[in-house]
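*Asks:* Single-letter residue listing:
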Amino acid sequence: NAGVTQTPKFQVLKTGQSMTLQCAQDMNHEYMSWYRQDPGMGLRLIHYSVGAGITDQGEVPNGYNVSRSTTEDFPLRLLSAAPSQTSVYFCASRQGRRNEKLFFGSGTQLSVL
Amino acid sequence: DAKTTQPTSMDCAEGRAANLPCNHSTISGNEYVYWYRQIHSQGPQYIIHGLKNNETNEMASLIITEDRKSSTLILPHATLRDTAVYYCIVRGGPFGNEKLTFGTGTRLTIIP
Numbered sequence: 001n002a003g004v005t006q007t008p009k010f011q012v013l014k015t016g017q018s019m020t021l022q023c024a025q026d027m028n029h030e031y032m033s034w035y036r037q038d039p040g041m042g043l044r045l046i047h048y049s050v051g052a053g054i055t056d057q058g059e060v061p062n063g064y065n066v067s068r069s070t071t072e073d074f075p076l077r078l079l080s081a082a083p084s085q086t087s088v089y090f091c092a093s094r095q096g097r098r099n100e101k102l103f104f105g106s107g108t109q110l111s112v113l
Numbered sequence: 001d002a003k004t005t006q007p008t009s010m011d012c013a014e015g016r017a018a019n020l021p022c023n024h025s026t027i028s029g030n031e032y033v034y035w036y037r038q039i040h041s042q043g044p045q046y047i048i049h050g051l052k053n054n055e056t057n058e059m060a061s062l063i064i065t066e067d068r069k070s071s072t073l074i075l076p077h078a079t080l081r082d083t084a085v086y087y088c089i090v091r092g093g094p095f096g097n098e099k100l101t102f103g104t105g106t107r108l109t110i111i112p
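Just so you know, the protein sequences line up as chains Z and Y, in that order. Heads up: the first sequence at position 67 corresponds to 67 in my numbering, and the numbers run straight through without jumps. Heads up: the second sequence at position 58 corresponds to 58 in my numbering, and the numbers run straight through without jumps.
Careful: at least some of the hints might be erroneous.
So, partial list: chain Z residues that the calculated Cβ filter (under 10 Å) puts toward chain Y [stated by the list, open to error]:
(1) Val-4
(2) Gln-6
(3) Met-41
(4) Gly-58
(5) Tyr-64
(6) Phe-90
(7) Cys-91
(8) Arg-94
(9) Leu-102
Read the hints as simulated data drawn from the structure, not as lab findings. We put the beta carbon where it would ideally sit given N, CA and C, even for glycine.
Put together the whole structure using the sequences plus the hints.
*Replies:* Take a look at the structure:
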């Protein structure tokens, strides 16, 4: 059981480039979410999804898009990368309403030059 | 979601109990207290959660005061592997929304 898998682990982009961070879970979880973590700060919610076809904004959604076409996958798209998006990104998932444990992936370290 | 306040850092001797406090004075009646930890640069790991009764699992115990305005996470016999940042989070119950917000947490260092 792989849990929550994020790819890539590391990525360097130039300002203005676009890319997609991948997140997949094999636990049939309804809820999935993306966080970013900057040095010395806690995790901040970017976007989340309560099921296939349903997404919503978190605390810091600007500059990011998400979609949820399947239960398993929840990709995060950077439309036009900016140095302010340099961060570590974590994807997380959990089961339906009665199970509150969030399972996190191992993270993607992104640098935008 | 209610805001939480935690000490920035704490030390604990290996083998002793580590007691991590959290204040959540604005917690509302249907909000749960959750604890997660993050070891080095790994993804956060769930530890425990509770509503108003004390809870215990294989990792830790959670003590919530009667007025629910504060709680304490207890690691009964701390090991070096417990060195991590510990996050206390308060949010809506099982039917709450997904806007789970992590603060800056408490950096716990276990000393040999």
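*Asks:* Does each hint hold? Answer for all of them.
*Replies:* Against the structure, the hints come out as follows:
no.	hint	verdict
1	Val-4	holds, 8 Å
2	Gln-6	holds, 8 Å
3	Met-41	holds, 6 Å
4	Gly-58	holds, 6 Å
5	Tyr-64	violated, 15 Å
6	Phe-90	holds, 5 Å
7	Cys-91	holds, 8 Å
8	Arg-94	holds, 9 Å
9	Leu-102	holds, 6 Å
Hint 5 from the list above is the single one not met by this structure.
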